[in-house]
Amino acid sequence: MLRLFKKILTTGIVTEKYTAPKDAELESLGIAIKRRIDKQFSGSIAIRQVDAGSCNGCELEIHALNNPFYDIERFGIHFVASPRHADVLLVTGPVSRHMQTALLRTYEATPNPKWVVAVGDCAVCGGEFGQSYASCGAVSNVIPVDVTISGCPPTPLALMKGLLGLLER
Amino acid sequence: MNWTSTFLTQQVNWLDAEISKPIGEYIGVTRHSPLHSVAVWQIEDKHWQQFAVTAKADNVRWVAGWAEHADRQFIVNAKFEKNGVYVVLRTVINVVKPELPTQATVYPAANRSERHSQDMFGIKFIGHPDNRRWTRHQAWDKHQYPLRKDFPAHGEPAEITPPDMHYDFIKGHGAGVYEIPVGPVHAGIIEPGHFRFLAVGELILNLEERLGYVHKGIEKIAEGRTPEGLARLAGRISGDTTVSHCWAACMAMEQAAEVTVPRRALFIRGILAERERIANHLGDMGAICNDVAFTFAQMQFTRLRELWLRTNATVFGHRLLMDVIIPAGVSRDVSEASCALLQQDIVWLRKELTSIMTAIDLNSSLEDRLYTAGYLSPEIAAAFGTVGYVGRASGQDFDVRRDATYPPYDQVNFKVALEDQGDIASRFWIRHKEIMASLKLIEQFIKLLPEGDITTEWLTPAIDNEGLGIVDGFRGEIISYVRFAADNKIARFYPRDPSILNWPALEKLVLNNIVPDFPVCNKSLNGSYSGNDL
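So the sequence lines, in the order shown, correspond to chains A and B.
Read left to right, the first sequence gives residues 1 to 169 (the working numbering).
Read left to right, the second sequence gives residues 1 to 534 (the working numbering).
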């Protein structure tokens, strides 16, 4: 147990703070996001992530938002387990036809007002997979999309920028 | 002498009950195999199952199965392995009455693969123990077969594809047995799939997986692509295995085109693959701890993973290393400065892991959750032909890098981690051992990195040329089959992700565990949904 505490103490806080930033871009992004959320959303927005057919690349980078470097929760953004608790749907992948109804139902289950963010090239325009007998292509072919975040996959910083774009609408 | 020559001399009496003949007399062995590295054994369709029986008795492992539509016939392939020597078994059946005796009664691993061929080609496997649809949900009709050449890639989809109701799940009977349906949309940030539990109280009586939700038609849209296009697509079969899938596909195409990849490029590929393995193992180890609410480890491992990915971005221009491997080489060279950076990473990660693993090792609450949970016996692991860390944590001593070695792994020394404890703790610790081995590998690759070009000229392969890529991804053995059409275009592409062999093992290892332990059981196996569904 002592070793554990020692490791925690010697690691310190690696989160790239906005008071003493290691990364200026993350700092300015974070401040802007926090300001918006505090003003318009009473301090927090809840995100439900839906993989509608992605290769899992985008999920890896969305996961990274929760690591101690980005720690997106400090800006008031948190991921929830049910669409019924969500303000925002973060949708990845070309929408596979086998996931089409599931995505529609998730969308319906999300209370209004709600926003949809299409994450990654496949979600934005169909990407490497496009439209086929098995794929509906872009998310906007299935549900209305408010903001798109390109990249294959988008980096955590690009994801933060995209979310800020949503808040500034 | 490898097993294949003794196998061919085995006495069998498939044809006539009275006369016993060596198996070799029933098989057309392609001496000059178009697949350079692997023998192709041509066999009559009626012997398909009998061959499997003989192979099984000889402890040969079933590796992969795929079919192909060519004019008025289907070419059906099954791939086997023993002691690192592979054989492709091939038969040809008529399109009009496409039937073949099943191998799934002999090899449970062949079960879902045959159901995939059934859904995609309309091949009927006679005697199959479970011929429910697998890859097909409701996106195409029962009498349509997407991988037949006359099926257009755009298909005839409905405006809204209906949900896949009425799949015939196994039912439980008796007082107190209840069903828990989970998915396709899960609670976390993970891929979609459906799990149907039968439970009594908290205890899992049975688990049935229903996958196929992220079927994107990869095999179909691969057809007609250029080698560059196929490499990009292969890099997106499973995002976490982008390097290894891309490598396997390129290896197959390079074989078909008879292109010799520069040595420097091969060593860089090795560095990429091992860095990918380490990044994923770090992520998995954190996630396993997180699933038993041990946040300390989750935070530590995600921290290490993030720093590791940042070096990827600095040295190779992409955090997940996508599209660095290209046909006939690699797209990024590593400078002296980059090598120094990669070496620093090794020293740093070793130091970090030493302190984290000692802290974790002494933690009794973590031990309490991970030891004995999710036990996969070596017998079941062998029966399903499980590979990678799942197999190696249950005594399956196989690693493509060592047993069917390919450059640059033939130039270096390394130890393959092996455990026989078979529980989640074992699948956790074996990842740690594999990270340590990979660090040593990267060290050697950097030291031995040859001078020279990183790419060479691409040669257009002759029509019908085939290739078979076999590499070891972080989940284990990846198989990639490629056949070329005219004009440098792909005629057939089949990638077999290791998840295809490992997923069925999950149904077994969760038995008699409690439902709340399912997430950690699942994470310890970490199958790819996308790689499975294609």
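Fair warning: there could be bad hints in the mix.
To be verified - Computed, partial: chain B to chain A, Cβ under 8 Å:
{"hint": "1", "residue": "Ile189"}
{"hint": "2", "residue": "Pro192"}
{"hint": "3", "residue": "Ala359"}
Keep in mind that the hints were calculated from the coordinates and are not lab data.
All C-beta atoms in this analysis are idealised placements derived from N, C-alpha and C, irrespective of residue type, glycine included.
> Does the interface hint hold: is isoleucine 189 of chain B within less than 8 Å of chain A, judged Cβ to Cβ?
Replying inline: 5 Å, holds
>> Given proline 192 of chain B as an interface hint, is its Cβ closer than 8 Å to any Cβ of chain A?
In response: 5 Å, holds
> Taking the closest Cβ pair, is alanine 359 of chain B under 8 Å from chain A?
Replying inline: 4 Å, holds
Comparing the model with each earlier hint shows no violations; every hint is respected.
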